[in-house]
Amino acid sequence: MNNLVLETKGLTKHYGGFVAVDNLNLMMRRGEVFGLLGPNGAGKTTTILMLLGLTEPTKGQVRVLGFDPARQPLSVKARVGYMPDQVGFYDELTARENLIYIAKLNGFPRDVIKKRVENAIERVHLTQVIDKRVGTFSRGMRQRLGLADVLIKNPQLIIMDEPTQGLDPELAHEFLGLIRSLKEEGTTILLSSHLLHQVQVVCDRVGLFSKGRMVLQGTVPELARKVLGGAFRVQIQADGSASKLRQALQNLRDVNKVNLDNGTFEIEAQNDIRADAADAVIKAGGRLKRLNVESQSLDDIYTRYFEEVSHESLN
Amino acid sequence: MSHSIDRMKNREDREGSPWTGLTAVLTKEMADHLTGARVLILELLILLTAVGTIFTALKNINTTTDNEFVYLKLFTTAQEPLPPFVFFLAILVPIIAIALSFDSVNGEFNRRTLSRVLAQPVYRDALLLGKFLGGLLTLTLVFSAIWLLIFGIGIFKLGVPPTVEETGRALWFLLATVFYGGIWMALAMAFSTVFRSSATAALASIAVWAFFIFFWNIVVGLLLPVFVPQQITKVEDLVTASQTQQLLSRISPITLYADITTILLQPTERFLGFVLPVQLDRAIKAPLPLGQSVLVIWPQLTGLIAATILIFAICYTLFQRQEIRA
Chain P
1 MNNLVLETKG LTKHYGGFVA VDNLNLMMRR GEVFGLLGPN GAGKTTTILM
51 LLGLTEPTKG QVRVLGFDPA RQPLSVKARV GYMPDQVGFY DELTARENLI
101 YIAKLNGFPR DVIKKRVENA IERVHLTQVI DKRVGTFSRG MRQRLGLADV
151 LIKNPQLIIM DEPTQGLDPE LAHEFLGLIR SLKEEGTTIL LSSHLLHQVQ
201 VVCDRVGLFS KGRMVLQGTV PELARKVLGG AFRVQIQADG SASKLRQALQ
251 NLRDVNKVNL DNGTFEIEAQ NDIRADAADA VIKAGGRLKR LNVESQSLDD
301 IYTRYFEEVS HESLN
Chain E
1 MSHSIDRMKN REDREGSPWT GLTAVLTKEM ADHLTGARVL ILELLILLTA
51 VGTIFTALKN INTTTDNEFV YLKLFTTAQE PLPPFVFFLA ILVPIIAIAL
101 SFDSVNGEFN RRTLSRVLAQ PVYRDALLLG KFLGGLLTLT LVFSAIWLLI
151 FGIGIFKLGV PPTVEETGRA LWFLLATVFY GGIWMALAMA FSTVFRSSAT
201 AALASIAVWA FFIFFWNIVV GLLLPVFVPQ QITKVEDLVT ASQTQQLLSR
251 ISPITLYADI TTILLQPTER FLGFVLPVQL DRAIKAPLPL GQSVLVIWPQ
301 LTGLIAATIL IFAICYTLFQ RQEIRA
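Keeping their order, the protein sequence lines are chains P and E. Start counting the first sequence at 1; every next residue gets the next number (this note's numbering). Start counting the second sequence at 1; every next residue gets the next number (this note's numbering).
Note that these hints are calculated values from the structure, not bench results. A few of these clues could be false.
Stated by the list, open to error - Only some residues are given here: those of chain E computed to face chain P with a beta carbon under 8 Å:
#, residue
1, Gly21
2, Ala24
3, Arg112
4, Thr113
5, Ser115
6, Arg116
Since the structure is predicted, the reported quantities are computational estimates derived from the model, not experimental observations. Note that the Cβ used here is the ideal one computed from N, Cα and C, for glycine as well.
Isolated chain P (complex conformation) (with noise of 0.2 Å):
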């Protein structure tokens, strides 16, 4: 079996005179998490839309599963998990019966239906509200509801549109918390989100959206190779002559940059420097105050990679 799930080669959606999709190229293998990031509006949604040929693309070629979505739909409707930005329900049905016409439209038997709703809804803790109304459900309860939705089907691939966009932070960790768990077991996942550190806790790989285009793609520390240039932030402080200390962390490997802010030496290096610096700051004659390294955030990546854009179209 080919272990690609997804590819798509020069995929484009103009809508009129507006491009929507740009030339995307985009592979996932099994068991992969991917993260398509971008502001609104840069193509996400659309992209999903035709990953399930429930919009045409006006050029290129989709695989999902080895099925082209615009001619086989079903077959890959009936393997792909959808779940929606803002997924909706019946409010006057109650979450097991909205998940039983969910069930029904899949065509599974009569007699598999109660067990795969019931496991499903299980599987993201809502046994105890299963035959209220989805009218009563808060928000949170609602968005697991959609991935319980999306369970049923015991999907190949979840794709899930803004899966955490309006939930609290506590309840945006806790759904997170359950797509690392479909994570661990192995289940494909695409999803999309402008909400970056949520991102880049679950993803394995990311993709940036700038406008229909698909900028940047990799994993979060070859994306901050590539955009932060080092990919490890350094900051010490420490009292001292200021210049000698600059001098010595200056002279360390794999160094790129030393920046003296407000006291603190901001350090952008390649690898992970925090011990060769301790050590220069206190052959230099300095004392060590305080030494911290910052993990490559996407929210720096995204930041500037916007900014030299930016920076570059202005210029």
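With chain P fixed as given, assemble chain E onto it according to the hints.
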């Protein structure tokens, strides 16, 4: 040309049946309708008018002299100030049909359930047809119940069982009533596809209904001089004028339904519209057999069904082309 061939080829390439999931949608829609407060209110409304008009009709039916087609007379007999039940049907059926479907598509949009449902292995075809058939079956169910109720009251109060002829006519009338509702249901569904707001769709449907109920006859009166000569001198002119007027007024489904009602429920009626005395020469004033009555209103009946299918087809095309992202 090659483009259209390509398209046809793609259509053939489409995997699976477009009706996968149809029963799931249909049962859900019917369950929604039958348990919802909306249908309950409408059912009560039509039940009250039925019972009210039937009991006034019963007071006016003299079982010793009106011994033919008494059951049909239950539908058509009236006493001032209350019009007969068929009149209420002509007014209320569209309202019920519109109420069942004015939010069928945009309601799914607004609840954000559409993309979730269409992400399941079903085509849009099944969703729309399931919704439409679910509504139509609900109508059939409601009207069948009303019909049975009327016949039940009849048996109870009249003391004679309905004849085969009467039952047959009532069943044909039921069919016509369902498709009369079907037109309005398809119309409301088309509006619910076009307008994102359910209220707008409902208002647009009601506007069309009001136009045909209140204004169409006026419009026909205004249009008539365009088609026929002002000065009528010959009999032929008179016939043409009358026929043109009839033709125009039959654009309204309400006229079609009224025609069907007249012929089916009053078996002695054998003509619709303008008739010359010559044509009535030697005609016996006797009731037509059911087959002959059906033959008279066959164009009207097929017209109702055709209009239902046509409007649904338009709605279907609109829905297929719609972008589903909210």
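Status of the E:Gly21 interface restraint (C-beta, 8 Å, chain P): Check passed: Cβ of E:Gly21 comes within 5 Å of chain P, closer than 8 Å.
Agreement of hint E:Ser115 with chain P interface, Cβ distance less than 8 Å: holds (4 Å)
Chain P contact restraint for E:Arg116 - C-beta distance below 8 Å: Check passed: Cβ of E:Arg116 comes within 6 Å of chain P, closer than 8 Å.
Proposed interface contact between E:Thr113 and chain P, which counts if any beta carbon pair is under 8 Å: holds (5 Å)
Hint check: 8 Å Cβ-Cβ cutoff, E:Ala24 to chain P: holds (4 Å)
Proposed interface contact between E:Arg112 and chain P, which counts if any beta carbon pair is under 8 Å: This hint holds: E:Arg112 lies near chain P, its Cβ roughly 3 Å from the closest one there, short of 8 Å.
When each numbered hint is compared with the structure, no violation occurs for any of them.
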